[in-house]
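Trainee: One line per chain: the protein sequences are X and F, in this order. Read in order, the letters of the first sequence correspond to residues 3 to 122 in our numbering. Read in order, the letters of the second sequence correspond to residues 5 to 405 in our numbering.
Incorrect hints may have been included.
Okay, derived cross-link-like pairs now, BS3-like style, lysine-lysine, Cα gap no bigger than 25 Å in a straight line [what the hints assert, rightly or not]: (1) F:LYS402 with F:LYS108; (2) F:LYS196 with X:LYS26; (3) F:LYS280 with F:LYS191; (4) F:LYS280 with F:LYS188; (5) F:LYS351 with F:LYS402; (6) X:LYS103 with X:LYS113; (7) F:LYS108 with X:LYS105; (8) X:LYS113 with X:LYS26; (9) F:LYS338 with X:LYS103; (10) F:LYS282 with F:LYS346; (11) X:LYS108 with F:LYS24; (12) X:LYS34 with X:LYS108.
Just a few of them, taken from the derived set where beta-carbon distance is under 10 Å, the chain X residues facing chain F [what the hints assert, rightly or not]: (13) ILE21; (14) ASN43; (15) PRO51; (16) GLY55; (17) MET56; (18) ASN60; (19) CYS84; (20) TRP86; (21) HIS87; (22) GLU90; (23) LEU93; (24) THR95.
No wet-lab data here; the hints were simulated from the structure. Glycine residues also receive a C-beta, built at the ideal position from the N, C-alpha and C atoms.
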Amino acid sequence: MAEWFVAKSSDLKDGDRRIVTAGKREIGVFHKGGSFYAYSNTCLHQGGPACEGMMINNVVDVIDKDHLYQGQTYGDEMHFVCPWHGYEYDLKTGECIGDRKLKLRKFEIVKRGEDIYVVA
Amino acid sequence: MDMPRNDVRPVELEIFATPKHLEHASEQARARNYQDFLIVDVDSHHYENEHYAEVFQYIESPVIRAEAMEGAGRRTGMLNSQVGYQNTGGRIHRQKFRGKEKAKPGRQHSDITLTLDWMDAMGVDYCCMFPTPMLFLGLHPQIEVEAAMCDAYNAWLCERILAHEPRIVSMLYLPFNDPEAAYKTVKKFGDKKGVVGFMVTSPRYRPVHDNAYMKTYALLEEMGKPISFHAAYSWDDRALQMTNRFISVHALGFMWFNMIHMTNWVINGLPVRFPKLKVMWIESGLTWASSLMQRLDHSFMMRTSDAPLLKEKPSHYMQQMFYSTQPMEIPDDKSVMQATFKMINAKSQLVWSSDYPHWDFDLPSTIYDLPFLDETSKRNILGANAARLFGLDSKPVKRIP
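Given only the sequences and the hints, what does the whole structure look like? Please build it.
Mentor: Right, here's the structure in full:
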């Protein structure tokens, strides 16, 4: 295992991300909602750049107390989307939304002073 | 802990370049040694609407040409379209930003340059190019517009693309709603460079067993050129109108029309009437075929008088047809998939397709990584079967970056 430099914390603002080449691996590092997350940048579907697509909240079907459909809205769960085919992943867990048994490999983030590293 | 030097880059969604977008595909191509064998993509696309100004110039009728030119880029125009949010609300950002990509400068048409870029990135030697918006042209209310547009597009494609790039071939669009025009299309373009067959867009309401088509099938059989049926959906179809999400109309629609055409094709004995005519079914995935084989075989045993031309069960004839892979269903239980492959006689009848750049494209690894295929079967499906069907050279010519 080694620590791979990601960014100075002042350069990785909330909402930003970086793609880190760590040896033969690519890792996506996200800064969102005050937390850092790091996942393999290889989609579990066909190997696309999973961490390099759109970030979007989950979509929710609104069903009222009488089981009636009342339209759609966005929920509170943040997803990132593989740009190749649209596989979505939960930012907090790396779980694939379509089948939560599938998870992107997660990596540890460490901060040393102003510097942010990913451990891989 | 070591602290090695490493590359770090930002994510810039709006900067789109095909080689960068498909960098992981190129890694797969190198890791799997695609340079050592032939890969043929039997179904890929370009966006012909980006070149309507050129294509419309080829419309023979001066009146339709003028109408088409006048309507181009306006709120309404000469050509029909479909409701369909194919880019999943912007999640497939290739669809959103690819239009900004500039082809490398050179003498070739930009569609040749951009197509070769993605082919090399994936490890593809030859691709069969199809249009995109024209997949819905079979639903146009004016038969003469389908025929005119088809003729213009085919002429443009032959003259501007196929004549200049041997790695791009096509099965040309057949104006199927006008049987006489379909026949003339085969006559006119059948011997042009890069024309490896003819394609019927499946969403339409003309039955394939109509007597009016028999001379076209006979001509294709005589020329040794395959006929293919390229699937698409139609949210205007009465049954599909009941679906309320794109996932539904897409999943069903891409099987629906081909299931109808296949049923009519087999039950009316067209494989018996044209035993040497090669038939291909495109972009319906695979499970529809194995399902329909069982369904038709079951009914046939009780109702042979409804299909008296058949000397064998329907599945016998269906196993002699060709199937493109994409969008290939990959179930958790691979034994189900293996059974499907066996039923459609995949080793000789399955031909890989990407459907790139559309939103649900497949890479060659969808076939290459299957655990139940041996190396020979993988190479047959990825290229050798199509090379035999289209008469292509089997020597790899790609340049994987």
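Trainee: Give a verdict on every hint.
Mentor: Checked hints:
1. Only pairs whose Cα atoms come within 25 Å are accepted, and F:LYS402 paired with F:LYS108 is accepted, the gap being roughly 18 Å.
2. Proposed proximity of F:LYS196 and X:LYS26 is contradicted: the alpha carbons are some 47 Å apart, above 25 Å.
3. With a C-alpha separation of about 18 Å, the suggested pair F:LYS280 and F:LYS191 falls inside the 25 Å cut-off, and the hint holds.
4. Taken as a hint, the F:LYS280 and F:LYS188 pair is honoured in the structure, with Cα atoms around 21 Å apart against an allowance of 25 Å.
5. For the hint pairing F:LYS351 with F:LYS402, the CA-to-CA distance comes to about 23 Å; that is within 25 Å, so the pair holds.
6. Proximity of X:LYS103 to X:LYS113 is assessed by CA-CA distance (about 30 Å); at most 25 Å being required, the pair is judged violated.
7. Proposed proximity of F:LYS108 and X:LYS105 is contradicted: the alpha carbons are some 38 Å apart, above 25 Å.
8. For a cut-off of 25 Å, the pair hint linking X:LYS113 to X:LYS26 stands: about 23 Å separates their Cα positions.
9. Restraint check for F:LYS338 and X:LYS103: the C-alpha separation of about 17 Å stays at or below 25 Å, so the hint holds.
10. The hinted pair formed by F:LYS282 and F:LYS346 meets the criterion: a straight-line CA distance of about 20 Å does not exceed 25 Å.
11. Straight-line distance between C-alpha atoms of X:LYS108 and F:LYS24 comes to about 24 Å, which keeps the hinted pair within the 25 Å bound.
12. Between X:LYS34 and X:LYS108 the CA atoms are separated by roughly 16 Å; this keeps the pair inside 25 Å, and the hint holds.
13. With 10 Å as the threshold, the beta carbon of X:ILE21 comes within range of chain F, its nearest partner Cβ sitting at about 5 Å, so the hint holds.
14. A distance limit of 10 Å between C-beta atoms decides the matter here; for X:ASN43 the minimum to chain F is near 8 Å, and the interface restraint holds.
15. For X:PRO51, the shortest C-beta to C-beta distance to chain F is roughly 6 Å, which falls under 10 Å, so the interface hint holds.
16. Of the supplied interface hints, the one on X:GLY55 holds, with its beta-carbon coming within about 6 Å of a beta-carbon of chain F, less than 10 Å.
17. The criterion of a C-beta within 10 Å of any C-beta in chain F is met by X:MET56, whose closest approach is roughly 5 Å, and the hint holds.
18. For X:ASN60, the suggested interface contact is broken, since its CB lies about 12 Å from the closest CB of chain F, more than 10 Å.
19. Interface restraint check for X:CYS84: the shortest CB-CB distance to chain F comes to about 9 Å, inside 10 Å, so the restraint holds.
20. Here the hint on X:TRP86 is kept, as its CB sits about 8 Å from the closest CB of chain F, short of 10 Å.
21. A cut of 10 Å between beta carbons decides the hint on X:HIS87: the least distance to chain F is about 6 Å, and the hint holds.
22. Residue-level restraint check for X:GLU90 holds (minimum Cβ-Cβ distance to chain F is 8 Å; threshold 10 Å).
23. Because the beta carbon of X:LEU93 sits about 14 Å from the nearest beta carbon in chain F, more than 10 Å, this interface hint is broken.
24. Given hint, X:THR95 at the interface with chain F, is violated; its Cβ is 19 Å from that chain's nearest Cβ, farther than 10 Å.
In this structure, the earlier hints numbered 2, 6, 7, 18, 23 and 24 are contradicted, and the remaining ones agree with it.
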